[in-house]
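So the chains spell out like this:
2 protein chains.
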Amino acid sequence: MYRPEIKVVDCTIRDGGLTNNSHFTLETVRAAYNAACRAGVDYVELGYRNSREMFSPDEYGPWRFSDDSQLTEVTEGIDPGATKLAVMMDAHKSTPDDILPGEDSPVDLIRVATYVKDIDKATHLAKVAHERGYETTVNIMAISCEGGPTLDEALQQIEQETNALAVYVVDSYGALYSEEVHFLIERYKMFIKTKEVGVHMHNSQQLAFANTIEGIIKGANYVDGTLYGLGRGAGNCPTELLLGFLKNPKFDIEPLLEVIGEHILPLQKEIDWGYHIPYMLTGIRNLHPQAAIEWMNSEQKDNVAAFYRKLETEFE
Amino acid sequence: MYRPEIKVVDCTIRDGGLTNNSHFTLETVRAAYNAACRAGVDYVELGYRNSREMFSPDEYGPWRFSDDSQLTEVTEGIDPGATKLAVMMDAHKSTPDDILPGEDSPVDLIRVATYVKDIDKATHLAKVAHERGYETTVNIMAISCEGGPTLDEALQQIEQETNALAVYVVDSYGALYSEEVHFLIERYKMFIKTKEVGVHMHNSQQLAFANTIEGIIKGANYVDGTLYGLGRGAGNCPTELLLGFLKNPKFDIEPLLEVIGEHILPLQKEIDWGYHIPYMLTGIRNLHPQAAIEWMNSEQKDNVAAFYRKLETEFE
Numbered sequence: 001m002y003r004p005e006i007k008v009v010d011c012t013i014r015d016g017g018l019t020n021n022s023h024f025t026l027e028t029v030r031a032a033y034n035a036a037c038r039a040g041v042d043y044v045e046l047g048y049r050n051s052r053e054m055f056s057p058d059e060y061g062p063w064r065f066s067d068d069s070q071l072t073e074v075t076e077g078i079d080p081g082a083t084k085l086a087v088m089m090d091a092h093k094s095t096p097d098d099i100l101p102g103e104d105s106p107v108d109l110i111r112v113a114t115y116v117k118d119i120d121k122a123t124h125l126a127k128v129a130h131e132r133g134y135e136t137t138v139n140i141m142a143i144s145c146e147g148g149p150t151l152d153e154a155l156q157q158i159e160q161e162t163n164a165l166a167v168y169v170v171d172s173y174g175a176l177y178s179e180e181v182h183f184l185i186e187r188y189k190m191f192i193k194t195k196e197v198g199v200h201m202h203n204s205q206q207l208a209f210a211n212t213i214e215g216i217i218k219g220a221n222y223v224d225g226t227l228y229g230l231g232r233g234a235g236n237c238p239t240e241l242l243l244g245f246l247k248n249p250k251f252d253i254e255p256l257l258e259v260i261g262e263h264i265l266p267l268q269k270e271i272d273w274g275y276h277i278p279y280m281l282t283g284i285r286n287l288h289p290q291a292a293i294e295w296m297n298s299e300q301k302d303n304v305a306a307f308y309r310k311l312e313t314e315f316e
Numbered sequence: 001m002y003r004p005e006i007k008v009v010d011c012t013i014r015d016g017g018l019t020n021n022s023h024f025t026l027e028t029v030r031a032a033y034n035a036a037c038r039a040g041v042d043y044v045e046l047g048y049r050n051s052r053e054m055f056s057p058d059e060y061g062p063w064r065f066s067d068d069s070q071l072t073e074v075t076e077g078i079d080p081g082a083t084k085l086a087v088m089m090d091a092h093k094s095t096p097d098d099i100l101p102g103e104d105s106p107v108d109l110i111r112v113a114t115y116v117k118d119i120d121k122a123t124h125l126a127k128v129a130h131e132r133g134y135e136t137t138v139n140i141m142a143i144s145c146e147g148g149p150t151l152d153e154a155l156q157q158i159e160q161e162t163n164a165l166a167v168y169v170v171d172s173y174g175a176l177y178s179e180e181v182h183f184l185i186e187r188y189k190m191f192i193k194t195k196e197v198g199v200h201m202h203n204s205q206q207l208a209f210a211n212t213i214e215g216i217i218k219g220a221n222y223v224d225g226t227l228y229g230l231g232r233g234a235g236n237c238p239t240e241l242l243l244g245f246l247k248n249p250k251f252d253i254e255p256l257l258e259v260i261g262e263h264i265l266p267l268q269k270e271i272d273w274g275y276h277i278p279y280m281l282t283g284i285r286n287l288h289p290q291a292a293i294e295w296m297n298s299e300q301k302d303n304v305a306a307f308y309r310k311l312e313t314e315f316e
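So the protein sequences, as listed, match chains V and F.
Per my numbering, residue 1 is the first one in the first sequence, and the count goes up by one each step.
Per my numbering, residue 1 is the first one in the second sequence, and the count goes up by one each step.
Hint data in this document are derived by calculation from the structure and do not stem from the laboratory.
Certain hints may be false.
Intra- or inter-copy, both count: the list cannot distinguish identical chains.
DSSO-like cross-link-like pairs, simulated, lysine-lysine; straight-line CA separation at most 30 angstroms [claimed, not checked]: (1) 247 with 310; (2) 269 with 301; (3) 218 with 189; (4) 247 with 84; (5) 117 with 218; (6) 84 with 218; (7) 247 with 127.
Using the sequences and the accompanying hints, generate a full structural model.
Structural data, given as structure tokens:
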């Protein structure tokens, strides 16, 4: 019933860090890590490793930088089982200088997030990371805006120049419908012959989990989720739903439910992720959720028809 | 780009009535009706027409009975445009005596909800309603529990004995995945040759909208939604998402957003519908959401791992 090749990546702390400038407590991060290890999740992504020159440590918490010493505080005393540790580097916001030799690091996998325009930076980062002993993936963001031939070239370049384990379809705007997911995975597979395809979906239109399933049906073997869907705007594909769908007996959903009850649900007092009309409207229009996030932080939050009219006017 | 045959049924007041014993104010019901008419929604379902012998009017609000006189108070002074009015009758909880002659009624469509075991009652109700001048549909509930040959017989019976416009796949438990939706619609279409197939999906696993799309892809032409997904447990497919997906220019999403902002979002203070772990767990296990609803109303609400263990123990 199950496909053993499928790898689940829980990126709660990394992606959720976009909601709170990566200010999670060490206790929460350790609980999320511990739960992922006990649940048998394949990879757990504990933050960005982005440049301190672009993000001020006064403003951003430790999981925006994810120094090895900080990560060791997370993993200390916890049996990882088969679970590996990942961090994400944005191609345009990080530097190869921050990739220290892999043998001294708790990090197993470096995921390079990139727009198509930054693909040269991304392949360079992925190459350096591989040379220094890390597993790598390349995650192409805002894929719903990348319809042109430069995507094909980027895929070809990743296929030829990197040792990435997987190349991701990242639906940053939550704009894709199932038929578009099918189309994109087929397009990726025209160029990606020696690596896996991955999917990272956003929930603007309540389709993150559904589109992840559609990715799996078309052969994607790297799939991302976050606990209870925690993430920017409407959030992500919930990892617990993914584990409920996948039938691999190595997974155990119970530790995820425990950490959700104890650490994630309480975050709802501060962070209002999930389905909201402003996010749905940027999703339908294939826009970055930034305008919706600003609206949700304003006093007019619930005047959703006014936000609709604003988008109609500004983008007519 | 669009399929003109597709009919959208907004059943906010009917399905949402399961969350509050159908106690909506007349003002809210008029606003929902007005919005559906202005949005060009094909049908708006304003309640159940169930028996006062089974539901006490002391406990249940007027939209559990939906008398013609009550419905006329809703429609008075509102231009329906092309929007028609529907009510639902449960095959096992209503009586043909409550179907008054259609020419005197504001109701256009009577939807008969049934389990497979009650199919004889359902076809009888549908026949009486048709004879008295109404359009009809037959909506087969809890379809994820109906795998056996009796479903085929029920479909054959509806096809042969009724004039229903459509026969529905109703995923009461929110248990279906896309491949199962495809399978069920193909199965329906083996027997349903002179009527349309409809889909009514629940959101226990965040798949209500996605599964509705999959139904449409496989040819379902009657699709249900509710405003902002209002409905029992995790709720329904949001009508606003449906209208965003469908490209028929007769639809206008703006009136729906207005009524959501003004009347539906405020209901969140009293009704906690939407994605919650207990609903997700009954969905995954293909169970009626009742146990999850009770858990959500208890003081242990957020101890979701305990609910998981409860289900593991009770259903082992």
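Up to 30 angstroms CA-CA - residue 84 versus residue 247, copy category: Answer is within; shortest intra-copy Cα gap is 20 angstroms, inter-copy 44 angstroms.
How do residue 247 and residue 310 come out at 30 angstroms by Cα distance, when the copy is not named: within, between, both, or neither? between (45 angstroms within a copy, 21 angstroms between copies)
Homo-oligomer pair classification [residue 218, residue 117; C-alpha up to 30 angstroms]: Close inside one copy (26 angstroms), not across copies (37 angstroms); limit 30 angstroms.
Intra- versus inter-subunit Cα pairing at 30 angstroms for residue 84 with residue 218: For residue 84 and residue 218, the Cα distance is within 30 angstroms only inside one copy (25 angstroms; across copies 40 angstroms).
At most 30 angstroms between alpha carbons: which applies to residue 269 and residue 301, within, between, both or neither? Classified as both; 16 angstroms inside a copy, 15 angstroms across copies.
Which holds for residue 218 with residue 189 at a C-alpha limit of 30 angstroms: within a copy, between copies, both or neither? Result: close both inside a copy and across copies, 10 angstroms intra and 25 angstroms inter.
Alpha-carbon proximity context of residue 247 and residue 127, limit 30 angstroms: neither (34 angstroms within a copy, 44 angstroms between copies)
Hint 7 from the list above is the single one not met by this structure.
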